Each structure stands twice: as C-alpha cells, then as structure tokens.
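**Q** So the chains spell out like this:
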Amino acid sequence: MTNYGLVIDQERCIGCQACAVSCKQENNVPMGQFWNRVLTEGGEKMDTPSGGYPEDGGSGSLDMQYQPTACQHCENAPCVKVCPVNATYTRDDGIVEIDYDKCIGCRYCMAACPYNARVFNWDEPEHMPEEGTGDVEARPQGVVEKCTFCSHRVEDGLDPACVVNCPADARIFGDLDDETSTVSKYINEYETDQLLEDRGTKPKTHYISGEMSPGRPQTSDKMESELDDVSPWSDGDDDVPSKEADSVGSESSSSSHSVEGGEIPYATPAKSGGDD
Amino acid sequence: MTDDGTYRRDVLKAGGAAAALGVGGSGFLQSLVESEDDQDLNASVQSFVGENEVIQTVCSPNCRGKCPIDVHVRDGQVKKIEPHPPEDEQYKRACVLGLSHTQRVYDPTRLKFPMKRADWSPDDPNPEGRGPDAEFKRVSWDEALDLVADKMQSLKADHGAESVLFHEGSGNYGQTGKSFKRLASLFGATQSAWGIDTNVGRGFNRVTGVGAFLPPTNEAEDWENANTIIVWGSDIFSSQFQMDASKILDAIENGAKLVVVDPVYTTTASKADLWLPVEPGKDVHLALAMMHTVFEDETYDEDFLQKRTTAPALIRKDTGELLKASDVFEDGGEQQVVAVEQGTNSPVALEPETGGAYALFGEFTVAGVECQTALTKLRDHVADYAPEEVAEKTGVDAENIRTAIRWLATRGPGGIAPSYALGRYKHGHIFGQAYAMLMGMTGDYGRHGNIHAHHSGGATLAAGNWASPEDADPGPSLTFPNYPDAMIDGDPHQIRAVYSIESNMMGNQFPDRQRFRDAIRSLEMYVVADMHHTDTVQHADIIFPVPHWFEQEDISSGWGSHPHLGYRHKVQEPLWETKDDYYAIQELADRLGFGDRFPETKRDMLRKLAGRDDDIDFDTLFEQGTQKKESVPIVKYTDEFPTETGRIKMYDDDAPSEEGVTFDVPRPLEDRTADDYEKADEYPLMFMQKHSRFRIHSQYEMLNWVREINPEPQLDIHPKDAKARGIGDGEYVRVYNDRGEMVVKAKYNDAFQPGLVNTDQGWWSRDFVEGHLQDLTHNEVSEVGQTMAFYDVRVAVEPAPDDVDTDKYESGNPLGAGAEAAPTGGD
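These protein sequences, in sequence, are chains A and B.
Positions 1 to 276 (the working numbering) are the ones given, in order, by the first sequence.
Positions 277 to 1103 (the working numbering) are the ones given, in order, by the second sequence.
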C-alpha cells in the first residue's frame, strides 16, 4: 500500500514563507485563509525568539525555530471520525481529503482537529486575482477546506507545491510504507517528532530537529517514486549519513519540539475564525 | 485597451484585462489528463494539472537571485510561478516574492497610460504642484515623448546637456540600462553614480585591489566546502541569499561551523553554532581582536603571508613608507617592495605569487634604513585589542571572540561573509579593510571553501562599450548623496531635469526624504518610468508606464548569485499602453538626433549585445532560457592580486584618511554609534532598517499574499526599552529625531539588542500611519566611503499621540493598507 507522509527538517527551515504562499497559489486558497502556516517556536509573535538577550556578551538563552504546520494527514484522524456526512475521508493512499460536495459546513472537524489545520469559508471566498490561481478549482462558501498534500499533483507524479518550492530543501514527501523511500529513511535515521503525539492521532508529518538532514536534494518537481534513480542523489555520495558521522550543530538544543498540551505557537490570524 | 480602442473603466481586474487583450485565451489549452479515471480519484476537486501553457522566464529585481522561473498561464491569465532549474540544475531557486508575481502582474498599483502632471508645462513647471496631491492627465506616448525631448533640447541649448540627469536605479536587471546610459552618453547628460552599499567593498579593494560593492566570492556551489562560515552583519537566510539557503545548510550538514556576528538574533543567528551579539558600529574593534587572537595563537598562515601578501615587506621607520626595491638595488623596481630572508637577513625584492623564507616579524636595517616588517606593525597595532580589552566595548564575550576566529584559523578553508549592512554605517569601509587583512592572515583566499561576501557575483554579460560609445562625449557623473546639493544649490553643477528609470529612490528609498523632496521641487522637469504608482511616480511631471517583467523580453545579467545568464521571455503582451523602457529610450534618441545608434527592436539590441560576449551564444540562451557562463571561476582569487605589488596589502603607505584618522592599518572610527556622540542622550536609540524576506527594496510591497503575513511597518524594540517608555506590545509609537518622524506599531522583540530599534525597509508612504522611515535617516556620507549611511542613525521613541488615525490597520482588513488605484485618468 502507499501511505504518503511528509518530513519537515526544522534545522533546515528558514521561515521564508515560500511554502505558505506557494500553497495558497497552487491550491487557490482564498484571501484571509492559510492551509499551511509557518509558525514560530520561540516568542509570542512571528519571527521572535524566546529567552532573553544576553547581557554578558555570551550567546544567551534566545531560541527560535520555525514549525511549518498544515494538515498532518493523521492515520487516526479525529476529523474523519467526527464528520457526520463522511465528507472528510482517508484515501487509499493515506491522504485525508474533503469531498466539498458533501461538506455541510458544520465545522465539527475544525473543533476536533488539534492542529488548527482547517479553515472555513464563512463568506464568499475572495481570490486575488479574482479568477483564482493555481491548478485546482476554488471551493464554495460554506465548506471547510485544508491541505490535500496537493493530491491533484501527487496523482500526476508531482511532489506537493510546498515541497517543490522550498529553497531550503527542508520538506521531503514520499511513501511511508516504502522503507527505501527518503521519508522512511529519515524517520529511521534522525530524531523526529510528531505534533501532539499524546493525542493518539498518529500524524503522518514528521519533524526533524537536533541534527540536520540533507533535505530534499533533487531539482526535479517529480515525486521520488517517479525518478529513474530511486535515490534522489545522483552520485550517491550524499546518501543519508549514519549517526556516527561527524555531526555539527550538536551544540544546538535537541529538546523536544513537539507542541505540548494543545498549544500551537503563533498562528497567522485568519480572516474567518470559528468565533460565531 | 481592447482592439476597438475602448478602455476598461476599472483598474485592472485581474486577468480579465489580459483576456480582453486577446492574450492567450483558451486556444492553447492542452489537456494532458491521461484518462477520466485519473480524475475520478479526486472526485470533488477539479484539477488543472497539465492544462497550463508554461513559459520559462526570469525574475529580475536587485536581490541577486536572478531566478529562472516557469510561469503557468491558463485562459490567458498567469496562474502560478514555479522555479525552473537553470542549465546547471544545482542553482534551482526562487523565493516567496518571485513565486508571487501572479499577484504583482495584476496589481492595481500598476501604471497603465502615459501621464502628465496636470499643472506642469515645460515653460511653467509649477514645482509646488508636485507631491501627494498632484493630479495627472492622460497623454499619448507621442505627446509625452515630444514634451520630454523638447525640454531636454532647450535645457541643453540654454544650460548645457549636463543640466539633465539620467538616473538609473536597480529595479530591473536586464540590458535596458546600458541603452539608457548610451543615450545619456550621446546626449552628454549627467549620469548617476552609485552611492549605496559601496562602503565595505571600497575598503576591501584598498587591500586586495578588487571589490566595489561587496568583493567577489566563490560561487555558491563551492560553499559546501567551507569548514567555518562567519556571517557578519547579514541575515543571510532572510535576505538576498535565501534562494541559495540550501548551499549554506549543506555546508552545515557537511560539518561546517556557522558563526553569526550581529546585534540582532536573526533567523540566521538562530541556526548558528556561535552567535556574537556585537554592538552596532563596533565591528572593526571585533575584527582587530580577532587579529590579536591569531597573533597570540600564532595560527596565521605563514606560507600564504610570505607568498601572497606584503606581510614580510619592510616599512621605513623614517618615513612610514614601504621600502622599495629601487631604494636597495640598482635595478630595483619603484613599485616593488622588499623583505629580508630569515637567517641571513639579506634583502629580497618581492615578486607576486612567490613564496620564500621571508622574515614575517622583526626590525632590520637595510641599505642603512631602519625598518620593520608590515606584519610587525600590524601586530603592534592590534596589541591593544585583546579580546578582554574589547569585550565590554563590543558587547561580545572574550572567549567567544577567540572561539570564532580559532575555528576560521584552524579548521581549514572557510570565510567571512559580510553583507552591505556594515557599509550602512558611515565609516563602514574600515571593516572592509579589516576583514580583508584578517582573511589574509588566515590564508583564506583562492581555495575551495573560501567565502568573502554573502552572495557571489554570478555571471555578467560582457557588453563592451555599448553604454559609452567611443565617439560620445559623456557628461559628468553625480553620486546619489550629491543629488540634493546639485538640484537645490547647483553644487557642483545645476541639475534642472531628471529622467529616471528602474528606481523608486528619490521618493522612497533615499535617506533624508524631505531633503530629496526639496530637491525634486527644484527641478523643471521630472520624468519617471516605472511599473507601479510609487511615491516617486507621484512626484513626477511625466510618467512613462512600464510593463511588468513578464511583458518585456530581456537578458538577465549582472550581480546574479549564480553563473548563468537568463533570457527573460515575454509571458504576455504589455497590458494597457505600457511600453518597455527601450521603446522610450529609442524614441527619445530619435527625437534627439541619435536614432540611428539604437537597433530597431529590443531583440535586435539584445542579439547585438549578446554578440559582444564570446562566452554566450544568443540562440542557445534564447532557446534554453539560461546559459551557464563557463568562464565564471568557481574559486576566486587564484591569480596575482591587482595591487601595485601583486600581493594583499598588509600595510598601506598611501592610505586615505578622514576626520584625522589614517587607514594605513584598520583604525576604528565611529559616527553616531560612538559612546560620546553629542546627541546620544537626546536620541538614545540606534535605528536600523533591515532587509526583510518580504520585500526587495520597495518592490513587492503590494503583494496581498505577503501582506497577510507581514501586514504593516513595525518597530522592533526590546521589551525593556519599550516598557521604560510606557509602550505596550502592539501599540503605536512615534519615532522621531531632528529630521522627522514616523508612526508605526511597536513589536516587542527580544531578538533586538536593548538600545537598538528597527523597521524593515521598503514600505511605501501609504503604509505608514504617519511619516516614513526615510524621514529619519540622513544623507551624510564619509569622505572615503561616499556611501549613504542608513543605519548610522539615532532616534527617540514615545507612545503615539492619541489622535493618530490607525483605522487602516485596525478595521480588520487582511489586505493591510489596501491597494489604491493608480491614476488612470482619461477614461
């Protein structure tokens, strides 16, 4: 079986927002909504650190990291369970998707999702340019929408837009059931976290932190499974390093980056919140 | 404009206008969907994958990226942008801004028609009519061009051609500027000379013979070979280099140590192995302490110093000049310097690129003259700068200073990657001199893994003398900081008219904005060509509307951070009545009598220029979209240095001086960052204007997607500084000094050093609640640096007055300030 998942290397992520914006562009996401947000783990606001500025000239306690957050495509997805009309469902390839024709806009799924990954079209969706962008049709007013792992691209053998457009090579997409895939190898080789693991949602998005990975060093927009060479590295030299390899960055914190207790760091204010 | 000559009443409503223009349309829809079964997989989502026409072109601002991109067009409308790997695929790149052209192409701020200020005429310019309330009247291209050409001719007849200034900014990296300069040269106009970001390179150049803006550095593909990278005053992961972020990340993943020197805990600092939180303006002190450490540890690269630098060269104690071979040997050269052999103490004339057992330290008497080596002089000079001695002044822990430079000196090849920020302090050129010498001590030139600047130079089209043909009699040049004096006071000569392309400088990006406003008001004619209705355009008398980059073909070259040239193919025909700058230049040339000096079409011109560069084939470039310029060396500084001695200068006996300080060796000199600066109490906070990831200078300000993330100008301020002034997080503040003020929202940010505040640059007037960040900056430059010192600025901050109108940001409008329509006039 195919079981798509995503690895995000937070050591590589530079918080540039290319994934957040190219997601909106590709998926025709309405103004005021984000399917994919680049959250800051650090201070209370975007691009601010936690800790205090060093007064002694040392490196101090400041700390900041980025956590791109979208639908985690959970194996045990609470949104799927609560949907009264089966509009949200898990596809055979593991992608959690919404049938917008079935969605009745009850937003139970939004309440159930601990990742704040879903948005609701309270108003008539607004697009700029108004004819819309990207490669999928816009969704109507009154439905919930969210990240699809760019299923429309995946079906054509292309990686999701956020993966292809990441200048830091920090996002890797692939088949978690294929143990030779890069996502499987990275999860095996590196310390990875899932967000809110204690909720039992079994997210299929895994976050690397602590030791940096080589990321997604391929220039093609194709999925790894579509490449002639199964390894994304043509010369093989850069293959996944072993843990014994000389590790830089070992001085940086290796503390857990999972989001605890349902707290999600800074979220870009959405135009339409669930505040009715 | 539609084919029947009618105009859409509205400002641009997205692609509707493009469709009305007959551009594209459904004619080129191609369905590549293999079967209906595929679609069924995705029952409720209509996919358009494979239905787009994809046009390869290049993004072209002054960010160094020069990113080759694919533009997806469907139904006659741009739908999305994706990076397109260039010929050498490892340079695939793009950033959040380049990916968002889909919105920029159709933004309401785009200019549509040639315009004339309603109350301007060539004989009665009515200068007071310029500014925020100016009204514009639509004119035809012919009328606009006639007005400009006639006025240029009459100014030339009455006051000389140099009374007209051709000002070129950095807003469009193509070949048009060369034709703009060509016309300026033929006409004899004054030409603009750069006065921004030329500081650090100037100092580096004094040492190595190269460097103008930043010095050359190994191409990005080589950075993964660095073992230590000291990023100095650059948020390299947010600005300019972000499209190549993977290259530094790969170096880190390979085992490199990343050191960041910055008063701000930036995104880059958050990735560092070691962060040195230097106080603003104390970078030279820090560099000298690093030199001190290298001497103390004796970790300097002896072979390199002997072979490629003047470290062993003798300095005469009597005159302070370098001892010359002609002082010692009968047939010795007058430029050649002299060293002594270790042991024998016999003098040797130093040749470039020639090693030997020359004494690096010591005092010697040669030909009856008492001398010491240049390296001895430097060691003595930095003796006072032990890390402990500068720790308090620089704000950096002494042991961390040592650790940083020890990594560079002992872990193999590496480098120092400064940005332009250091040159935004008045005397920033001294840092350029200091780190060039420091890297000479560690031997970090000419090797794989060496880094000398935070982006490389990439490939440039060698177009020869196109900009200044042999038979032309070019006028004088005028550096940016000297504009106001020339326009207002006629010093050094009176500028009466300006023709400006590719620039939002005079109205938005130059410091001391009110002074530049006065300068504009002194002109008889101000012609501005632009893509958008910027603040600068609002001050114009004649407006030439320029198409979006996707509507002009060009060759992207110069200051690209990868070794390719790119062909900027047209994605669509120019919207409305916009026309390529080349059209206006050529039409003006025709009216001024130089029409035969410009090829008829832009493509002819591009083909001609490409033909001048032996390393490029026009047809290959045109067809491939990118062509790697193989002659661009990946590793720099492998040959003799272009100095008098062919060596890096570790001592400069012909050094410039300013304010009583001579730069024979790097000597710290500060302006407003100095502890005893006279107005430090009145304006206690240093004010910088960081480049953010959300704009390139003032470009992309209008992107609605980006404005959702970064809606309005803010003042980054340490909570301690804010609380001491009664300022709450998110409250509006008045930032002021003796030049002006602005009102922006305070953002508590622990990343900022207490005593330092910041507003990211590039916002337009319309984005501020009151004033503008350039109302606070000044236009004073150093004699040697001649570079605008944007960060060498002090301000005071207080809560904003209660009556400021902040509605535009508090009405919950996710689009921020909202896009105001450009003047459409006429319809």
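Mixed in with the good hints, there may be bad ones.
[Stated by the list, open to error] Below, simulated BS3-like cross-link-like pairs (lysine-lysine); rule was C-alpha separation at most 25 Å, straight line:
1. B/LYS904 to A/LYS45
2. B/LYS904 to A/LYS222
3. B/LYS1084 to A/LYS81
4. A/LYS45 to B/LYS996
5. A/LYS45 to B/LYS999
[To be verified] So these bits of chain B aren't anywhere near chain A, every CB distance computed over 12 Å:
6. ASP399
7. ALA633
8. HIS769
9. GLU827
10. ASP890
11. ASP893
What the hints contain is simulated information worked out from the structure, not anything from laboratory work.
Keep in mind the model is a prediction, meaning the values are calculated, not measured.
Using N, Cα and C, we set each Cβ at its ideal position, and we do this for glycine too.
**Q** A separate judgement is required for each hint: does it hold in the structure or not?
**A** Here is what the structure says about each hint:
1. For the given pair, B/LYS904 sits about 42 Å from A/LYS45 by alpha-carbon distance, which is inconsistent with the 25 Å threshold.
2. Distance restraint check for B/LYS904 and A/LYS222: the Cα-Cα separation of roughly 24 Å lies within the 25 Å cut-off, and the hinted pair is therefore satisfied.
3. Using a Cα cut-off of 25 Å, the hinted pair B/LYS1084 and A/LYS81 is violated, with the two alpha carbons roughly 42 Å apart.
4. Proximity of A/LYS45 to B/LYS996 is assessed by CA-CA distance (about 17 Å); at most 25 Å being required, the pair is judged to hold.
5. Taken as a hint, the A/LYS45 and B/LYS999 pair is honoured in the structure, with Cα atoms around 17 Å apart against an allowance of 25 Å.
6. Its beta-carbon lying about 43 Å from the closest one in chain A, B/ASP399 satisfies the requirement of being farther than 12 Å from that chain.
7. Distance check on B/ALA633: its Cβ is at least 36 Å (rounded) from any Cβ of chain A, clearing the 12 Å threshold; non-interface status holds.
8. Remark: the non-interface label on B/HIS769 is consistent with the geometry, its nearest Cβ contact in chain A lying 45 Å away (cut-off 12 Å).
9. Look at B/GLU827: its CB is around 15 Å from the nearest CB on chain A, clear of 12 Å, so calling it non-interface holds up.
10. No beta-carbon of chain A comes within 12 Å of the beta-carbon of B/ASP890; the shortest separation is about 29 Å.
11. Every C-beta of chain A lies more than 12 Å from that of B/ASP893, the closest at about 23 Å, which supports listing it as non-interface.
The earlier numbered hints that this structure contradicts are 1 and 3.
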